[in-house]
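Trainee: So the chains spell out like this:
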Amino acid sequence: MANIYLPDIAVIKDIIQETSDTKTFVLRFKNPKVQKNFRFKSGQFVEVSVFGVGEVPIGISSSPTEKKNFEITVRAVGSVTNALHQKKVGDEIGIRGPLGNNFPIDEMKDKKILIIGGGIGLPPLRSLILPMLEKRGKFKKFTILYGARTPDDRVYKNLLKKWNEKRDVEFLETVDVADNGWTGNVGVVITLFEKIEIDPQDTVAYTCGPPIMIEFVIQELLSIGLPDDMIISTLERYMKCGVGKCGHCAIGHKYVCIDGPVFSFKDIKTLPEE
Amino acid sequence: MEVLHSKIGEVIKMDSKNKIILGKKELITALKNVITKMDVVAPIKGSEGETHFQKIESTEEIFWEYTHDIYPPKNFFLKQEEDLFRFSVNGKIDLKEFPVSQRKIVIFGIRSCDVKGLEYSDLFFSNTYKDNYYLEKRKRSILVSMACVKPPFDNCFCMCTNSGPFLESGFDLQIVDLGKKYLINIGTKKGEDFLKAGKVKFVNAGEKEIARVEELKKEADVYFETAAYIAKAIIQVTGDKVKEELWEDFGEACISCGSCTHLCPMCTCFDVYDWLEDGNYGVRTRNWDSCHYAGYTREASGHNPRGQSKERVKRRCYHKLSYQYMKINNNLHGCVGCGRCVIACPVFLDIPTIIKRIRREGLIEKEIDKV
Ligand SMILES: Cc1cc2nc3c(=O)[nH]c(=O)nc-3n(C[C@H](O)[C@H](O)[C@H](O)COP(=O)(O)OP(=O)(O)OC[C@H]3O[C@@H](n4cnc5c(N)ncnc54)[C@H](O)[C@@H]3O)c2cc1C
Ligand code: SF4
Ligand code: SF4
Ligand code: FES
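Chains A and B are the protein sequences, given in the same order.
So the first sequence is numbered by the numbering used here: it starts at 177 and just counts up by one.
So the second sequence is numbered by the numbering used here: it starts at 1238 and just counts up by one.
Nothing false has been slipped in among the hints.
With a cut-off of at most 27 Å between alpha-carbon atoms, the simulated DSSO-like pairs for lysine-lysine come out as follows:
1) Lys1480/B to Lys1564/B
2) Lys1564/B to Lys442/A
3) Lys1480/B to Lys445/A
Hints listed in this document are in silico derivations from the structure and should not be mistaken for laboratory results.
All chains, please: the whole structure from these sequences, using the hints.
Mentor: Have a look at this one:
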């Protein structure tokens, strides 16, 4: 019987310092066969092991169309994430996955796309945005909103610049607290809503970020008139196993690790508030 | 149900051909023969006269007047603490799985409720991802259950939860004590394996003996507590129709000790952690966890969706008493009425009490007319 708890070994190929506390790790499985069979979809996550410290769920942040390597972007907040930040290029870590469900993409062809990310919520959305932009023609208007705490807390600074320059992408960002060099928007991410036009009849919105941000974003989208099933969000829950067994991530009879982490607001509404 | 057990052990259709009669001495002879080939877990008597299920070396150790073990048999399959694999920490990482035993495990005398508890866990551990550690041990286990002619505990309420005192399925062999001899239901091929290894002669049950079992079932009805009204509680919990005040009351009472969940045969939550043997090697281990612990859902950011005790009590009740969980688990109840939480909980927040209080005090005013 296959061991669902046994990770595969991946080698760190590159490390990109995104912010003072966030790094992107470029990874490749040590066994080429495993790398070849590693097919994931936008929004899925992996369980990352730093052996001797523990295992944590992290969203895959690279595009599913990129086959040679895959990437995760991690903020150092606790024991495992800090230990991961100590790792260097060439070091080995454990990976189990891909796990969880994914963002719907093909179902949303010919829709206007609105993507709202907050802080460390952008990495999983990056795995959605990148393949969508590869097929830009399949969608109508494409809007990305991003909010971070401070200018330094913005991840993927080069990519943000590119999105900003793209003429077929409407990109707006904001920070909660500005510094001297910042000339852009200041305020929480929903303050960006008044600067754009949203067509509630024809738009699908994807969001990922801290729970409090998600709550406000969903409220805002509902008040604009987006239907429940066109609001797609991720739910974050404390996870241990990632395979629906340890029980930690359960909400009602749903397990965020296998039934999620992506849910439409229509699904979220049916989750019992235990 | 058949679908599931074909995974764990091939099911045999229940009919009169699979009901056999075995003398009491012959059963002991069978066990003696089985012990030489398989691990046998059976009830033994503790120092206070209590029952424990333990691996035995000789049939002399068996406590035949046994009641119920306060520890559920899940411990033989989902161990309280279980090593998953070993890893090296320095240089290139090397992962090593632990060798898996091939020896069969017989759980002799397991009670009906606990058989149902395992049936529920079998479903849970084999849905979506298959939990190899649990299923591997379950596949090489043989459940020889003992039907309860009288309730072994004062707190048994399996009659309400449809999980005893006699079973129709779930066991490999079910023993019914007819006084001077046993009637045995053969439930699966694994049950036949046990009889083969036992090397004893038996005869098919006659009409009289089968009729006697039916009488015993009726007699047992009288002894068992049937007043837990689980169906009503399920309707209310599923529909979120329980007064908030009652949850608050429960939340204030609960001291979050986790005993109820640790001793529940249906609770399967675990935590996973790494520990270092020395500077070079470490082990990833899992151990029982409890949704009643405050830290169970606390995220690194400090955000805790079930930070309050009442939310955690609600969580446990939802697992035990919601129709949603029944639906995904072959209509099995999330509680098998074993009564362990009645003994375990220091503040009387056991499931039968919760069921009664939900029925009596839990209704939201405006819902009273509807239910
Ligand atoms: C589906 C999913 C995707 C995620 N994607 C990312 C991402 O792309 N980038 C990123 O930086 N972070 C992400 N997180 C959050 C990340 O998992 C936590 O920050 C991380 O688990 C903290 O672990 P720690 O050991 O550093 O902290 P500690 O506080 O020391 O945590 C101890 C243990 O608690 C658990 N835990 C604590 N907080 C969380 C949490 N928020 N979610 C799940 N388990 C937790 C973990 O099992 C961890 O091993 C994601 C979480 C989920 C559920
Ligand atoms: S909830 Fe209580 S009575 Fe029901 S199965 Fe669990 S321990 Fe037994
Ligand atoms: S045994 Fe009782 S006090 Fe302890 S966690 Fe369970 S309900 Fe709470
Ligand atoms: S993380 Fe273990 S059940 Fe979801």
